[in-house]
Every structure is written in structure tokens, then in C-alpha cells.
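Position chain B relative to chain A; hints supplied.
Protein chains: 2
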Amino acid sequence: MPHALIFDVFGTVVDWRSGVAAAVAEAFAAKGAEVDATAFAVAWRGEYQPAMERVRSGGRSYTPLDKLHYENLGIVLERFGHADTFDDQERWALNAAWEKLPPWPDSVPGLTRLKQKTIIAPCSNGSIALMTRLAKFGGLPWDCILGADIAHDYKPEPVVYRAACAALRLPPERVTMVAAHNDDLAAARAEGLKTAFIPRPVEHGPGQTTDLEPASDWDIVAADMEDLADRL
Amino acid sequence: MPHALIFDVFGTVVDWRSGVAAAVAEAFAAKGAEVDATAFAVAWRGEYQPAMERVRSGGRSYTPLDKLHYENLGIVLERFGHADTFDDQERWALNAAWEKLPPWPDSVPGLTRLKQKTIIAPCSNGSIALMTRLAKFGGLPWDCILGADIAHDYKPEPVVYRAACAALRLPPERVTMVAAHNDDLAAARAEGLKTAFIPRPVEHGPGQTTDLEPASDWDIVAADMEDLADRL
Chain A
0 MPHALIFDVF GTVVDWRSGV AAAVAEAFAA KGAEVDATAF AVAWRGEYQP AMERVRSGGR
60 SYTPLDKLHY ENLGIVLERF GHADTFDDQE RWALNAAWEK LPPWPDSVPG LTRLKQKTII
120 APCSNGSIAL MTRLAKFGGL PWDCILGADI AHDYKPEPVV YRAACAALRL PPERVTMVAA
180 HNDDLAAARA EGLKTAFIPR PVEHGPGQTT DLEPASDWDI VAADMEDLAD RL
Chain B
0 MPHALIFDVF GTVVDWRSGV AAAVAEAFAA KGAEVDATAF AVAWRGEYQP AMERVRSGGR
60 SYTPLDKLHY ENLGIVLERF GHADTFDDQE RWALNAAWEK LPPWPDSVPG LTRLKQKTII
120 APCSNGSIAL MTRLAKFGGL PWDCILGADI AHDYKPEPVV YRAACAALRL PPERVTMVAA
180 HNDDLAAARA EGLKTAFIPR PVEHGPGQTT DLEPASDWDI VAADMEDLAD RL
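The listed protein sequences correspond, in order, to chains A and B.
Just so we're aligned: the first sequence equals residues 0 to 231 in numbering that gives the first Met the number 0.
Just so we're aligned: the second sequence equals residues 0 to 231 in numbering that gives the first Met the number 0.
Check each hint, because a few of them may be wrong.
Since the list gives no way to pick out one identical chain from another, each pair is judged satisfied if it fits inside one copy or across any two copies.
[Stated by the list, open to error] Pairs of lysine-lysine, DSS-like flavour, derived with a Cα cap of 27 angstroms:
#1 K30 x K114
#2 K193 x K30
#3 K66 x K135
#4 K116 x K66
#5 K66 x K193
#6 K116 x K30
#7 K30 x K66
#8 K99 x K66
#9 K99 x K114
#10 K193 x K116
#11 K114 x K193
Since the hints were made in silico from the structure, they are not lab data.
None of the values given here were measured: they were computed from a predicted structure.
Okay, chain A solo, but in the shape it has when bound:
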């Protein structure tokens, strides 16, 4: 049995697409403005990798994801023709959408069972501030919070996985990365971590084409968090 399980969060533990779309719909409705909230949420998430890539490539010093989300919100508001709809304070309020995402139905019961067996912690690109608020919102029972803020870099940079193991004082082979994304697991395995794949076939909506299946012989493939708890 592993001594710690570390988790990708956006997509693996929580449903960012529905959660952000709901917050966007509410914020626009409060302004009497119209928007395709799901398209907006997807576009906002679309700026996620490019913004982190500037940090990963060394073109920008480490900046917590909260700030990147805020900047990306400005980009997407302008693209959707709403550059003037929200003032700065309202943008920060809308930015908190990322802190109020619904867990998948199996996440809290599964994590609660897993916590009885081992250390559980997020290893997300979200900041400690974001992960803490998200955990309080959804009742995610983490033992501690690891990830980008600990490493001062973004997944899939190797240092993020290494820093998580070091913070737990565990060798990588005693730590299992749990994710719905094959590339995250490949990066974790390259650093010597164990791997567990949980498919989230509607993370990107009904037409999803990526990450429907494990792309490699991951150490564990589980149907969901409860199934993962059954297997450990």
C-alpha cells in the first residue's frame, strides 16, 4: 500500500467546467448581461496552459494560479466583448469561481475512505489559498496541501512531483499520483512515483475525446475514487 496519495484536482476531483459555468452565468445575470456561460468557462480554461507555460519556460517568475486566472479572465472578457462589464472587485469575485467547484459525486466519499488508510493531498497547479478554499467549499478532507505553491513551478515540471514527495519526507516510490490525465501520470512516473488513473469522461463535456482510457500501464486504473479506495 502506498504511504501517500497525491491528486490532480481540476477535472480529477472536481468538475471545473460545470462549476465555472455556473458562476459565470450568475455573474452575468447579476449584470443583466448575456453570455454562453459554458463557452466562456471553456475559453477561460483554455488560457490555463499558455499562462502556466510562460512560468514553466522561465519567461516569468512563479506567479500563483489565482493571479493567472485573474489575468486570463481579463483576456476572455475582452474576447467575449465584455471588457467593461465588470470592475476590478467584481472580476476578483468572479475569479473565486475556481474556489467553488463541485466535487464529482464519488470524490468526497472516496477521499474520506482513502484518508483512513493513508495520507491524501492535492498536487495541483492551484495555489494553497485556492486549494484551501476549494476544500472548504466541497468538503475535501485533505491531510495537507502540496502542488505548485510548494514547488514554485507548474506541473508537469518534474520539480512539482519531487517537491511533493520531499514535503512528505517520502521516497517517490511510496507516493502515488492520482489523475484523470495521462500526461500528468507520465510526468509523475518519470520521477519515480506510482500512478493511478481515474477516467473522467465528461470533464470536457459530452463530446470529450481525450483521456477516455489509460494511455499506459499505470499501476492502478480505477473507475472512480470509491473504486480506488476498494483497491487499496
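Showing chain B alone in chain A's frame:
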């Protein structure tokens, strides 16, 4: 109401003196060796500040407390005439004494109530690894783990308090430092945090002479964690 409470842990939340003495007594008994376990625990803790001071003064790069505890154990074993009693693996096992400390009776019920109201996190000189294991041992329901590992320095260096607030994305005036030690609160106040004093009059045993009373006009003075929950 504050938006986050951050806590000193050794002495404030858990009883290190009894806990370490019990682990020492057990380890020596397993070897058929005799020791004054409480005196040993106190001597071990006595090396705590000098070891951290080498880091704080810049004479040594940041080294997690687990390693300092291990080194200090070697110093104290030698002083007590037991340099050869434990091998390296046994020393590391004994070092885990700091991860198995009993919470004060009010700590878990008080923290559980406080967690319903706000973010709660340790801001200890203990590492993430140590704090995580200690929380699992004692059932401490932290939302996240802050402190020395986040700041790469030791309290009462100002950066430790500032790093805790930054990690929570809160201005210092929205964060309250809770401690049984007046010097910890003075350092937190100097960085703009709010302060709450909880006396722990037997942290150092029945003859304790320090930190029996608040030494300043701290924002809150509570009898224990449950009383703190009542006041918020």
C-alpha cells in the same frame, strides 16, 4: 471575525513534553536501558532553539525540523551516555516521537468548532511531513499546513508569518496567530497579524514559570481552544 486562524503547535495544540517522554521511555525499555525519560525529553527540546538559530542567523541553509530533531537526538543521547544504544534506523524511529504527541484535551473539540467558522492551519516550525503525521495521529482537522516549510525559515523570523498570510492570500490583519507563547505573538503582531493567547501552564511541567499570563494586550485571551471557539 478573522478569515484565518494560524496556530503554534508544540505546546499550544499538543503536549510535546509528555508525548516525547513516553516515546523515550518506550524506546529505552525496549533496549533494557534506563533513562529519566522526562529529563531526556526536556534536554531534547532544549536543543530546539539553538539548532533553529543556526538557520535563522544564516549560518546554515534551511533544514526541515525533522532533520534538526534527528541531529539533536544524537547530541542528547551522547550527553546521557547512550551514544551506542540505538542504531541509525532506531534513532529515526525514536525521532518520530515528535509525530505522535497527544493534543491537549480541548484542542480537537476546539479546532473542530473553529474549522466550521474559518480557515485553520498550523504555523509551526515543524515541517509539512511532521505536521501532517501529527495531525493524523491526533485527529487535528487542519485545512492546510503552513509554517517553516512554506517560508524556508523559522519563527520568529518575520518571513514565516508573512509567508503564511501570502499562502492564504489574506492581508495580515485578517489572520490571527494563536499561541501559548508571548514571543510568538509579539513577532506575529509586528507583521500586522491579530493575536490570540492561550495559556498552557503545564507545557513545561508543574514548575513552569514562563508564559503563565499574557505579556501584552493581545487581541484575544482565551482559556483554551473551546473558549477561543466561544469567543469567535
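Here is how each hint holds up against the structure:
no., hint, in the structure
1, K30 x K114, "neither (42 angstroms within a copy, 34 angstroms between copies)"
2, K193 x K30, "neither (47 angstroms within a copy, 37 angstroms between copies)"
3, K66 x K135, "within (20 angstroms within a copy, 32 angstroms between copies)"
4, K116 x K66, "between (35 angstroms within a copy, 26 angstroms between copies)"
5, K66 x K193, "between (31 angstroms within a copy, 26 angstroms between copies)"
6, K116 x K30, "neither (47 angstroms within a copy, 30 angstroms between copies)"
7, K30 x K66, "within (23 angstroms within a copy, 55 angstroms between copies)"
8, K99 x K66, "within (16 angstroms within a copy, 38 angstroms between copies)"
9, K99 x K114, "both (22 angstroms within a copy, 18 angstroms between copies)"
10, K193 x K116, "within (16 angstroms within a copy, 37 angstroms between copies)"
11, K114 x K193, "within (18 angstroms within a copy, 33 angstroms between copies)"
This entry does not satisfy hints 1, 2 and 6, going by the numbered hints stated previously.
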